[in-house]
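There are 2 protein chains.
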Amino acid sequence: MTETAAPDYRAMWTELGLDLPNHDRLLEAVGQLYGDTYLTQVNRPEGMGYLDFVMSEVHGLRIKELHDFRASGGKVVGTYCLYVPEEIIRAAGAWGVGLCAGAEWAYDKVEQVLPRNSCALIKSMMGFKLGSVCPYLEEADLLIGETTCDGKKKAYEIMGQMQPMHVMELPQMKREKDRELWRSEIVDLIGVMERLTGNTVDAESLKAAIVEVNDKRRALQRIAAARAADPSPISGKDALLATQVAFYDDVPRFTQMMNTLADELEERVASGTGAAAKGAKRVVITGTPMALPNWKLHDIVERAGGVVVGEEMCTGSRYYDTLVSEDGATLDEMIDALAEKYLDINCACFTPNAGRIDDVLRMAQDLDADGVIDYSLNFCTTYQTEAHAVDQAVRDTKLPVLRIETDYSAEDVAQLSTRVEAFLEML
Amino acid sequence: MTETAAPDYRAMWTELGLDLPNHDRLLEAVGQLYGDTYLTQVNRPEGMGYLDFVMSEVHGLRIKELHDFRASGGKVVGTYCLYVPEEIIRAAGAWGVGLCAGAEWAYDKVEQVLPRNSCALIKSMMGFKLGSVCPYLEEADLLIGETTCDGKKKAYEIMGQMQPMHVMELPQMKREKDRELWRSEIVDLIGVMERLTGNTVDAESLKAAIVEVNDKRRALQRIAAARAADPSPISGKDALLATQVAFYDDVPRFTQMMNTLADELEERVASGTGAAAKGAKRVVITGTPMALPNWKLHDIVERAGGVVVGEEMCTGSRYYDTLVSEDGATLDEMIDALAEKYLDINCACFTPNAGRIDDVLRMAQDLDADGVIDYSLNFCTTYQTEAHAVDQAVRDTKLPVLRIETDYSAEDVAQLSTRVEAFLEML
Chain A
1 MTETAAPDYR
11 AMWTELGLDL
21 PNHDRLLEAV
31 GQLYGDTYLT
41 QVNRPEGMGY
51 LDFVMSEVHG
61 LRIKELHDFR
71 ASGGKVVGTY
81 CLYVPEEIIR
91 AAGAWGVGLC
101 AGAEWAYDKV
111 EQVLPRNSCA
121 LIKSMMGFKL
131 GSVCPYLEEA
141 DLLIGETTCD
151 GKKKAYEIMG
161 QMQPMHVMEL
171 PQMKREKDRE
181 LWRSEIVDLI
191 GVMERLTGNT
201 VDAESLKAAI
211 VEVNDKRRAL
221 QRIAAARAAD
231 PSPISGKDAL
241 LATQVAFYDD
251 VPRFTQMMNT
261 LADELEERVA
271 SGTGAAAKGA
281 KRVVITGTPM
291 ALPNWKLHDI
301 VERAGGVVVG
311 EEMCTGSRYY
321 DTLVSEDGAT
331 LDEMIDALAE
341 KYLDINCACF
351 TPNAGRIDDV
361 LRMAQDLDAD
371 GVIDYSLNFC
381 TTYQTEAHAV
391 DQAVRDTKLP
401 VLRIETDYSA
411 EDVAQLSTRV
421 EAFLEML
Chain B
1 MTETAAPDYR
11 AMWTELGLDL
21 PNHDRLLEAV
31 GQLYGDTYLT
41 QVNRPEGMGY
51 LDFVMSEVHG
61 LRIKELHDFR
71 ASGGKVVGTY
81 CLYVPEEIIR
91 AAGAWGVGLC
101 AGAEWAYDKV
111 EQVLPRNSCA
121 LIKSMMGFKL
131 GSVCPYLEEA
141 DLLIGETTCD
151 GKKKAYEIMG
161 QMQPMHVMEL
171 PQMKREKDRE
181 LWRSEIVDLI
191 GVMERLTGNT
201 VDAESLKAAI
211 VEVNDKRRAL
221 QRIAAARAAD
231 PSPISGKDAL
241 LATQVAFYDD
251 VPRFTQMMNT
261 LADELEERVA
271 SGTGAAAKGA
281 KRVVITGTPM
291 ALPNWKLHDI
301 VERAGGVVVG
311 EEMCTGSRYY
321 DTLVSEDGAT
331 LDEMIDALAE
341 KYLDINCACF
351 TPNAGRIDDV
361 LRMAQDLDAD
371 GVIDYSLNFC
381 TTYQTEAHAV
391 DQAVRDTKLP
401 VLRIETDYSA
411 EDVAQLSTRV
421 EAFLEML
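Top to bottom, those sequences are chains A and B. Just so we're aligned: 73 in our numbering is position 73 of the first sequence, and the numbers increase by one with no gaps anywhere. Just so we're aligned: 75 in our numbering is position 75 of the second sequence, and the numbers increase by one with no gaps anywhere.
Chain A with its partners taken away, still in its complex shape:
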């Protein structure tokens, strides 16, 4: 991670208004965590070298790219949730970056504006702002929120006092009238993006963006499919990292590099080369998203000798499992396709949300899982409440379930490790 402290970046960070001493501390902590979690692994695919590089430049080169893009008149848009269609952002000629945060930061300041009992994801998102340590956030010309959960919905009101913010209303059901409301929100977003960029979103630019983002998802699907093999050709934490980076890296480059990684994984599957040992206990994790650099549970499972073979979460299958139809010829048809794809994501914010249970069961079967871990952040009401039905449905298929509720701190790692080890032994 030493490159990130290069002097040329410091001028850029200063220009962005970052708190340099604290930002140094953050980068050092993330670098240390990355080294401990990732670089200690053996039998890694060579293709992970790209993600190692991306992480070593997480606040460096990528920020410089955004910075230069903006200097040349480009617009950067920050998002917090995969319901915000990145195709629209790209079709307007802007770049989107995911801003969900996975580390405890500046909670002392956060608790002055948010309830202490907010989930770690929301506290982290606010802490990165209040602590002035996130260059992605500071590069954003516009933030786009969404009404997925109470915590984020209300926190955006506070965030919106600090940076320009547009909030999309995600409906809470999936009936025809909800699809219409959601479609109109996408139409509104097109207007917002056109006003921000001065560009027009037309059938040509939207079609190109749809294909481009589908290509990214297709690359991630290839990686996900390779994990069905025993031994798995890639560790769960490496695969998780790929999805996390998908939210902020340059799209065509990322797609290319992930296809290269997928090529390698397919070769490894053919030759029986594993990142984990053959016969390692296979776990599917379902639940709340794991934002960068939240690798805690994957690390615990894999240090205990298990292997995570799938994530039914927003930083997982919910992001890449389905594509936007490329059959649309007109702008209207493409908007229909976007509305359909995005509303079909099965977040626990919907009621009912039976589709998620189907997804978990299907993944557990397709990936030959030995058990399921139902993961939620403390105070994540939607996933914590839905856990009751999800866990019951999984148990009904005779698969064991371990329920984990935690946050971003390292305080409970020893306790969680003990529980995970006992769970893996039982499988």
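I should point out that these hints are in silico values taken from the structure, not numbers from a laboratory. Where hints are given, some of them may not hold.
Take a look, some chain B residues computed to stay more than 10 Å from chain A by CB distance [as the list claims (entries may be wrong)]: (1) R10; (2) T14; (3) L27; (4) V42; (5) G74; (6) P164; (7) D250; (8) R253; (9) D412.
Computed spacing ranges between beta-carbons, pair by pair [said to hold, decoys possible]: (10) D336/A - Q161/B: 27 to 37 Å; (11) A270/B - G191/A: 51 to 61 Å; (12) G160/A - R419/B: 26 to 36 Å; (13) R419/B - D412/A: 27 to 37 Å; (14) Q161/B - D412/A: 27 to 37 Å; (15) D412/A - A414/B: 28 to 38 Å; (16) D336/A - A410/B: 47 to 57 Å; (17) T397/A - A11/B: 38 to 48 Å; (18) G74/B - T200/A: 29 to 39 Å; (19) T14/B - G279/A: 53 to 63 Å.
Glycine residues also receive a C-beta, built at the ideal position from the N, C-alpha and C atoms.
Using the hints provided, position chain B relative to the given structure of chain A.
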């Protein structure tokens, strides 16, 4: 409360499937609490005798009325939130009863299905079901939920496995398209109620219901207005009780009795007769609803010598402050009027929700408040997060604010009393 244990009710409670020993314990506890909180007051309006009687028969006479109504073919509908238009229920010839619960009950069972960190209101609602102690719930032929907050939205999925449930989708914003969605939800509710009852909702029946419920709200408005006087002619806890009982009592009878109470309050204002001492510190409470029998904060404030003069909450001004327009001639026009009135309620589940701040400031001024208490239940994300903006706006008008976060337990009463006493002294 001794009448509630009359033998004829026991047969009815058994028929409803109540857990009689536990139900006895609940009634005894509520009776004791009522005696301590209410019957120890001095200078009460005589009109409160009606509410004393209602409370003494809370699971007795009123349940018998519902029971007899159902025996004669009537339908009873349970609701948990004031966004569910009771006018529609009544226009279909059914009776609505509010089911929000304000006491800790069967939390051991609740925590097997809901996150321990759910708010007290939701845990109580589930505990009354799982503990089989709520005859209103068991008399309900249909429950109608709404998507106000994450906790209730997801808990309804579990409740819906135990009793027939229809959930209305409340939008999260208040734009024209949200009004259209909400209006369509009201239209859907009419269909649901027509199928349940076999009756048709027409312009005549809906008009009658609108006027009837408006009359109830007008009576409550008179009581609220009388509280602007110094001394206040009625204690805050007595006024709170009136709103709480408004959700389940017979509508025309309740309206009549509240108008009688209002007549008396207006006479007391004219003669300068107070329930509290003249010059007592006047407090407006804003925040999460206080479901029966949650009288905790009002009791603390008034035992400390203050007087609560208004509640900006669902068990308060949000319920009765605005009326449904009676100008509609057609069913469509009346549905428009209902959609408008209900969507104009300022719950913290909306984003943004600036109207609530206006309401709090206006009430504090109109009621000549010395201070505001911002009250929320622990884990009530929407109100706890909105508290940041509300409290700031109140302080900007130079009014002191005390923020209280609590639950239904009595454990923190001494601590809260100390804080409230210090706050009142400061005013």
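Cβ distance range 27 to 37 Å for D336/A and Q161/B, holds or violated: holds (34 Å)
- prompt: Closest CB-CB distance from R10/B to chain A, is it above 10 Å?
  reply: Non-interface label stands for R10/B: nearest chain A Cβ at 34 Å, farther than 10 Å.
query: Between D412/A and A414/B, does the C-beta distance stay in 28 to 38 Å?
result: Given a distance of about 32 Å, which is inside 28 to 38 Å, the answer is holds.
- request: For the range 47 to 57 Å, tell me whether the beta carbons of D336/A and A410/B fit it or not.
  value: holds (56 Å)
message: Is 38 to 48 Å respected by the C-beta to C-beta distance linking T397/A and A11/B?
response: holds (45 Å)
- request: Evaluate the condition: distance from the CB of D250/B to the nearest CB of chain A exceeds 10 Å.
  value: holds (32 Å)
- prompt: With d taken as the least Cβ-Cβ distance between P164/B and chain A, does d exceed 10 Å?
  reply: At roughly 15 Å from the nearest Cβ of chain A, P164/B sits farther out than 10 Å, so the non-interface label holds.
- prompt: Can the suggested window of 27 to 37 Å be confirmed for the beta-carbon pair Q161/B and D412/A?
  reply: holds (32 Å)
message: Can you tell me whether the CB distance of A270/B to G191/A sits inside 51 to 61 Å?
response: holds (58 Å)
- prompt: So the hint says 53 to 63 Å: do the beta-carbon atoms of T14/B and G279/A match that?
  reply: Once the Cβ atoms are compared, 58 Å apart, the range 53 to 63 Å for G279/A and T14/B holds.
Verdict for R419/B, D412/A (Cβ pair) under range 27 to 37 Å: holds (32 Å)
message: Taking 26 to 36 Å as the stated bounds, is the beta-carbon spacing between G160/A and R419/B within them?
response: For R419/B against G160/A, whose Cβ atoms are near 32 Å apart, the range 26 to 36 Å holds.
In summary, the structure is inconsistent with hint 18 from the numbered list given earlier, while agreeing with all the others.
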